[in-house]
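Chains as they are written, first to last, in numbering that gives the first Met the number 0: chain A, 0 to 379; chain B, 0 to 379.
By construction, these hints were calculated from the structure, which means they are not laboratory data. A portion of the hints provided could be inaccurate.
Identical chains share a label here; the pair holds if one copy fits it or two copies do between them.
Derived PhoX-like pairs (lysine-lysine); straight-line CA-CA distance at most 25 Å [said to hold, decoys possible]:
#1 Lys-5 / Lys-377
#2 Lys-337 / Lys-364
#3 Lys-364 / Lys-64
#4 Lys-64 / Lys-77
#5 Lys-175 / Lys-269
#6 Lys-119 / Lys-319
#7 Lys-319 / Lys-175
#8 Lys-254 / Lys-269
#9 Lys-175 / Lys-77
#10 Lys-5 / Lys-77
#11 Lys-269 / Lys-16
#12 Lys-175 / Lys-16
#13 Lys-196 / Lys-327
#14 Lys-84 / Lys-269
#15 Lys-269 / Lys-136
#16 Lys-254 / Lys-216
#17 Lys-192 / Lys-136
#18 Lys-220 / Lys-377
#19 Lys-84 / Lys-64
#20 Lys-269 / Lys-192
#21 Lys-377 / Lys-106
Protein chains: 2
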Amino acid sequence: MSSDSKTGLQLRSLIRKSGELEISLASVPTPEPGPDEIVVRVEASPINPSDLGLLVGAADMTTAKASGTKESPVVTAKVPEAAMKAMAGRLDESMPVGNEGAGVVVKTGSSDAARALMGKMVAMIGGAMYAQYRVLKARDVLELPDGTTAAEGASCFVNPLTALGMTETMRREGHKALVHTAAASNLGQMLNKICLKDGIGLVNIVRSPEQAEILRKIGAKYIVDSTAPTFMDDLTTALVETGATLAFDAIGGGKLAGQILTCMEIAANKTAKVYSRYGSTVHKQVYIYGSLDPRPVELNRAFGMAWGVGGWLLFPFLQKIGPAEGAKLRQRVVAELKTTFASHYTQVVSLQETLQLSNIAIYAKRATGEKFLINPNKGG
Amino acid sequence: MSSDSKTGLQLRSLIRKSGELEISLASVPTPEPGPDEIVVRVEASPINPSDLGLLVGAADMTTAKASGTKESPVVTAKVPEAAMKAMAGRLDESMPVGNEGAGVVVKTGSSDAARALMGKMVAMIGGAMYAQYRVLKARDVLELPDGTTAAEGASCFVNPLTALGMTETMRREGHKALVHTAAASNLGQMLNKICLKDGIGLVNIVRSPEQAEILRKIGAKYIVDSTAPTFMDDLTTALVETGATLAFDAIGGGKLAGQILTCMEIAANKTAKVYSRYGSTVHKQVYIYGSLDPRPVELNRAFGMAWGVGGWLLFPFLQKIGPAEGAKLRQRVVAELKTTFASHYTQVVSLQETLQLSNIAIYAKRATGEKFLINPNKGG
Chain A
0 MSSDSKTGLQ LRSLIRKSGE LEISLASVPT PEPGPDEIVV RVEASPINPS DLGLLVGAAD
60 MTTAKASGTK ESPVVTAKVP EAAMKAMAGR LDESMPVGNE GAGVVVKTGS SDAARALMGK
120 MVAMIGGAMY AQYRVLKARD VLELPDGTTA AEGASCFVNP LTALGMTETM RREGHKALVH
180 TAAASNLGQM LNKICLKDGI GLVNIVRSPE QAEILRKIGA KYIVDSTAPT FMDDLTTALV
240 ETGATLAFDA IGGGKLAGQI LTCMEIAANK TAKVYSRYGS TVHKQVYIYG SLDPRPVELN
300 RAFGMAWGVG GWLLFPFLQK IGPAEGAKLR QRVVAELKTT FASHYTQVVS LQETLQLSNI
360 AIYAKRATGE KFLINPNKGG
Chain B
0 MSSDSKTGLQ LRSLIRKSGE LEISLASVPT PEPGPDEIVV RVEASPINPS DLGLLVGAAD
60 MTTAKASGTK ESPVVTAKVP EAAMKAMAGR LDESMPVGNE GAGVVVKTGS SDAARALMGK
120 MVAMIGGAMY AQYRVLKARD VLELPDGTTA AEGASCFVNP LTALGMTETM RREGHKALVH
180 TAAASNLGQM LNKICLKDGI GLVNIVRSPE QAEILRKIGA KYIVDSTAPT FMDDLTTALV
240 ETGATLAFDA IGGGKLAGQI LTCMEIAANK TAKVYSRYGS TVHKQVYIYG SLDPRPVELN
300 RAFGMAWGVG GWLLFPFLQK IGPAEGAKLR QRVVAELKTT FASHYTQVVS LQETLQLSNI
360 AIYAKRATGE KFLINPNKGG
């Protein structure tokens with residue numbers, strides 16, 4: 000590990016044509032910043048579910064093996080044959096990982112904008128954050144208020160903007176309340192805080208009594224457990240009370256998306272005046288933004304004809320609303336970083352510790368409640 | 000049967016709480032037309048798939064039994080217990096049937112608009128068309144050019160406007176070509192004529208070589224057979240050539256919608272320049288407008304995150320585009336009624352013949368190629 004900023008370690012993920020995943024640390028020279036650029040010493044970067052897709056790809060992590068040295072560990076694992084087709088676009092390319100992070104500006108280019116950031120704590124998005132140093136344009140980082148730690152600023156983008164993207168999508172598409180699945184996640188807790196603050200009805204779907212308890216403690220009003228025998232009735236009741244006709248689903252596979260649409264249809268028909276063989280005319284929408292369950296989505300279509308299911312991603316959403324609206328959302332995140340948008344981590348690890356099999360076994364599970372933060376400048 | 004217009008027979012469909020479907024003919028008085036109204040002697044009304052939902056509901060027509068007399072036949076059938084919940088909105092209500100039709104104006108109200116239609120052939124939509132007489136507002140009917148027969152004018156609305164709704168939706172949602180399933184249907188043939196005339200790429204998915212032959216004869220350019228072992232490759236090739244990213248699916252259940260999205264994704268990635276673990280950024284959409292296969296929709300999500308699947312119905316579409324745009328589509332239908340929008344029927348039946356078990360066995364199958372036309376004023 001270098002003590003200045005001239006070179007630094009960078010985590011790399013490689014999938015070979017032979018079907019082998021290799022995760023390792025590369026020592027890379029830090030580019031000289033251009034006039035408008037800054038060099039950030041990355042001190043905190045979360046492992047989000049959206050990072051795992053690139054980090055481990057379609058590899059079966061139960062086959063993971065450790066090699067290399069303590070300072071420069073290497074992890075290998077097998078990618079199942081059937082999943083290799085989906086990996087075609089990245090084969091034999093050593094890819095940096097890490098969507099977002101925070102750190103201190105240690106060197107700048109000559110422009111005023113760049114020099115003004117010297118020594119500041121900034122939040123960043125743009126990939127390759129699992130690295131000791133990251134060079135970016137000054138205008139692309141978010142300057143954090145004095146007194147903000149790297150850990151506090153590490154998750155300024157993905158979860159906060161995703162949660163705000165959900166309430167914003169709700170408004171723009173004419174819905175009045177929301178349903179959210181895997182609702183006890185970090186993101187789900189954040190969404191609850193936003194909805195409580197903004198007065199938006201939010202129906203939280205969880206998969207265990209323990210997860211329900213997490214949400215109850217932070218003041219969530221509507222919590223339904225999909226493992227309860229009364230799930231469909233409980234959900235319908237909450238939908239009637241909130242009027243929610245839009246759901247964001249992190250689970251993806253199985254029957255849940257269809258069950259949500261079915262309960263929305265039952266709720267809509269409770270207020271319908273005339274029979275229509277096509278079902279209610281109320282548009283019911285589920286956006287799938289995650290894939291905790293990789294099985295196929297199964298829709299029994301017991302919910303009329305006014306429905307939609309689709310993929311939802313943060314970046315296309317931000318592109319759609321444009322830079323001015325996006326900036327408003329980011330300003331809100333900074334203003335409420337220690338309250339609404341506070342993230343909690345269960346472990347802080349170095350780059351080397353990120354490659355320990357015992358840690359991979361935990362974070363690769365994507366279990367609600369477990370959340371890792373990487374500090375690339377922490378001693379391994 | 001009455002020889003004047005004072006009373007007339009009307010087909011009725013009733014599902015009792017006990018789980019029994021009953022189809023019968025009721026003798027109903029024809030209301031006196033108000034000043035703005037006209038009385039039409041219905042001479043042709045098609046049995047569309049969209050009519051069958053109301054006509055037979057969820058009944059199992061293999062259990063159908065005939066009773067009553069030749070003049071006043073009655074058909075009964077059992078509704079499976081599991082399907083009764085979906086019928087809740089219509090139980091114990093005797094419902095008239097028939098979305099659209101054509102006939103001659105035999106009596107009018109006192110207004111100029113109504114009187115101007117006396118003796119004219121008109122096309123109608125609005126339900127209760129499986130009847131000898133139908134009273135409507137003069138402004139709600141479509142006057143047909145002299146020399147148009149009732150059979151020619153019977154299907155002016157559902158199929159022509161649905162087919163035009165598909166190309167219109169394509170333009171409005173920013174796609175450049177279309178995919179259509181069950182493509183050899185009456186509707187599918189019409190869509191081919193529109194697309195050939197308007198220069199729109201159309202990929203026709205059929206389920207047999209015979210259906211492919213029907214389309215080849217009318218000049219369809221892209222025809223792929225979903226029962227062929229090379230289906231996925233054939234479809235992908237056609238998608239690359241046409242650039243189609245929007246599909247209208249009449250089948251609904253099973254894997255087809257997902258297969259279409261998968262092939263669209265493969266086609267999109269053939270031109271992609273950089274790897275994205277979220278898949279192509281090209282939005283891929285399937286609208287399900289029918290349910291030839293009542294099984295659940297199964298989506299394996301091997302098509303990135305930029306996708307949508309949803310229900311599509313003609314009437315909400317017409318509401319969305321508004322009356323002025325809707326009128327333009329109707330004008331085109333009338334102008335091209337004997338060419339682009341010509342419908343073909345395999346049988347013309349009376350109301351009594353509509354209730355013959357041998358006929359029900361044919362039209363309730365919803366088989367491509369079979370199409371019934373009811374003439375309620377034909378002798379039984």
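Going through the hints against the structure:
1. Lys-5 / Lys-377: Within one copy only: 17 Å inside a chain, 92 Å across chains, cut-off 25 Å.
2. Lys-337 / Lys-364: Intra 28 Å, inter 63 Å, cutoff 25 Å: neither.
3. Lys-364 / Lys-64: This pair counts as within: shortest intra-copy Cα distance 17 Å, inter-copy 57 Å.
4. Lys-64 / Lys-77: Only inside one copy: Lys-64 and Lys-77 sit 9 Å apart there, 61 Å across copies, limit 25 Å.
5. Lys-175 / Lys-269: Cα proximity of Lys-175 and Lys-269: one copy only (17 Å, versus 40 Å across).
6. Lys-119 / Lys-319: Intra 31 Å, inter 51 Å, cutoff 25 Å: neither.
7. Lys-319 / Lys-175: Both. Shortest intra-copy (21 Å) and inter-copy (20 Å) distances satisfy the 25 Å Cα cut-off.
8. Lys-254 / Lys-269: Answer is within: at 23 Å inside a copy they meet the 25 Å cutoff, but 32 Å across does not.
9. Lys-175 / Lys-77: neither (46 Å within a copy, 41 Å between copies)
10. Lys-5 / Lys-77: Intra 35 Å, inter 80 Å, cutoff 25 Å: neither.
11. Lys-269 / Lys-16: between (55 Å within a copy, 19 Å between copies)
12. Lys-175 / Lys-16: neither (48 Å within a copy, 35 Å between copies)
13. Lys-196 / Lys-327: Classified as within; 17 Å inside a copy, 48 Å across copies.
14. Lys-84 / Lys-269: between (46 Å within a copy, 13 Å between copies)
15. Lys-269 / Lys-136: Neither way: Lys-269 and Lys-136 sit 54 Å apart in one copy and 32 Å across, limit 25 Å.
16. Lys-254 / Lys-216: neither (28 Å within a copy, 42 Å between copies)
17. Lys-192 / Lys-136: Close neither inside one copy (32 Å) nor across copies (54 Å); limit 25 Å.
18. Lys-220 / Lys-377: neither (40 Å within a copy, 63 Å between copies)
19. Lys-84 / Lys-64: within (23 Å within a copy, 54 Å between copies)
20. Lys-269 / Lys-192: neither (30 Å within a copy, 43 Å between copies)
21. Lys-377 / Lys-106: within (19 Å within a copy, 90 Å between copies)
Of the numbered hints stated above, those contradicted by the structure are hints 2, 6, 9, 10, 12, 15, 16, 17, 18 and 20, listed in ascending order.
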